[in-house]
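Engineer: Now for the letters of each chain:
Number of protein chains: 2
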Amino acid sequence: MSSPSIYLAVIGVGGVGTCFLSQVSSLPSRLRPTLIFLSRSSKQLYNTSYSPVSPSDLQSSTSKLLSIPDELVTYLSSAPGKVILVDNTSSQDVANAYPSFLKKGISVVTPNKKAFSGSLQLWNDIFSAVEQANGKAMVYHESSVGAGLPVISTLKDLVATGDQVTRIEGVFSGTMSFLFNSFAPVDGTGNGKWSEIVKQAKEAGYTEPDPRDDLNGMDVARKLTILARLAGLKVQGPDSFPVQSLIPKELESAKSSEDFMAQLPKFDEQMESYKSQAAAQNKVVRYVGSVDVGKGEVKVGLEMVEKGSPIAGLKGSDNLICFYTKRYGANPLVIQGAGAGGEVTAMGVTADLIKVVERLG
Amino acid sequence: MSSPSIYLAVIGVGGVGTCFLSQVSSLPSRLRPTLIFLSRSSKQLYNTSYSPVSPSDLQSSTSKLLSIPDELVTYLSSAPGKVILVDNTSSQDVANAYPSFLKKGISVVTPNKKAFSGSLQLWNDIFSAVEQANGKAMVYHESSVGAGLPVISTLKDLVATGDQVTRIEGVFSGTMSFLFNSFAPVDGTGNGKWSEIVKQAKEAGYTEPDPRDDLNGMDVARKLTILARLAGLKVQGPDSFPVQSLIPKELESAKSSEDFMAQLPKFDEQMESYKSQAAAQNKVVRYVGSVDVGKGEVKVGLEMVEKGSPIAGLKGSDNLICFYTKRYGANPLVIQGAGAGGEVTAMGVTADLIKVVERLG
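Chains A and B, in that order, are what the protein sequence lines are.
Going by UniProt numbering, the first residue of the first sequence is number 1, and it counts up by one from there.
Going by UniProt numbering, the first residue of the second sequence is number 1, and it counts up by one from there.
So here's chain A without its partners, still in its complex pose:
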């Protein structure tokens, strides 16, 4: 069966969504499902005859908005074929609706971390819906950790084939990677004070519009939650384990991003002290996440790492993920590369889409 009988619904046409639609349009027809629903903020594009829609018509669409999930589930589950929903948002509301889609046989592909790092109840609801669907509906979320890097698929393969994952460790944020590779490079130099580096990174677009959304560590905590759960730990959520925020306590009440940035230089000394403590031990300071599967411990925060270690040697805004397992022994399986960006995130989504099409086809 070729893919024209498989239907595609896409929510979200921001940076990742735009790259994704472009990548999908270049797939060979046997792997390219028929786009029947597309939405962004307050616009939706679809028709009741399930004929293909074109992304270029979204802006001018006057379609009545379907409620998500109820009306969208109803619309998609009446499609004359199997349906894949791609959620390119970072919305918790859309994530909460995955079980409703899956229960109706609609597969889900997404880079959205919220579904897998939210409540353990939602996680359980999603994966029990997948199990009950018995191969008719599935969920793929490679890009929820490390963008297109093969992180989720590798961890799943390790677990599924019976390896024992003992420890997962790495740098899981492109922003944190960039900040620390600039602030405390291995050669002992540095590109300035901490607050200056944060400022430069913000101006260069390496941080979220409000850098506090990176510095609070929650993005990394969400990724660790996902990996820890895949490795078998029943983690309640990203706030159920120690996460070191790099927002100084005194600045937690800063009213705006600007206010925060203006006051940040007052705390440069504190970061400088971490840097020199590390240097005194011939180490460098990095923002590291780790899961100790045996002890059931997850943590995120600053660590002093050996100068010769792969984490210390990272370049630019690269991520690095080490899987220590029984089979791999002392030397971990390591995956490294860009862990953010529209094209590489979309690549993980498109590759997942292909896998679902191949399984449904």
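No distinction is drawn between identical chains; accordingly, a pair holds when it is met within one copy or between any pair of copies.
Pairs of lysine to aspartate or glutamate residues, derived as EDC-like cross-links and limited to a Cα-Cα distance of at most 20 Å, are as follows:
1. 307 x 187
2. 156 x 358
3. 136 x 125
Everything labelled a hint here was simulated from the structure, so no lab data went into it.
Guided by the hints, dock chain B onto chain A, whose structure is given.
Structural biologist: Quick look at chain B alone, frame taken from chain A:
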């Protein structure tokens, strides 16, 4: 549909095959196909009613030997369900038969490099059979490069989603990695003369029984052939591009492995000279394979690499594979870890088996 209606035939029960059978026996029943054929050298185990066979009965089996491929294809294509053939040998003959199996709707999963690094004709025959099968028979071969490391799947995802792979580079042999990490570590020391290190590696089981099978570079050349073809190059075979053998010309006629090892110390000076040439440039010597996709160039041999580079910093017998692509830009997507060993090779095979079961199920 659950997997008891999917059937499994396994050829080869050596190191990898034994680990594979053990891993498969631990899979949940929905992912575990029914074993109906098992063979090693001059023994085969099967029955005409296609009822399950048990690996422990192989040694005492008195089944009439089926010819491969003809009689085995006939036997398997009459099974009352879909069939997956797992080839855990390194046999060229078995590899040559893949198109015959695929044409009859029998999927193939294998770590055997021979099918994908042999003649371009065989490669084309295999992949045109897969295309004609239109999703009913497929071929997966993750462990043909880097054992269980996600090398093949990552490269396929990059290509399938439309990225442009510009360069592939790395250390593709656990043996070569071990030899050079011992001979010329980054700290400038070393564990002795080249011939002594080869001898120690042989005694520790890090080389093939005859170390010349590693030192001739053909294993690496085969892996590069596979990667280059997946990246789109029409490579004729592993002898169609420059491969530097580390067997000195004068020793090519050595009559035996023992004879070779006895004479190797005469050439220590040559390797020592490479080492000091590299050191003079603040580099180290490594055995590297690379594919330049744009130029259509593949090569394998000694290279002087920067001390700070990931290749120079490898430990033990780890492999390292860098994918440079348009989307990943200046910093490659890197995969690193053990690239040989029974359990990790079998893991790649088992993970592939699961994917095929999921697609057929």
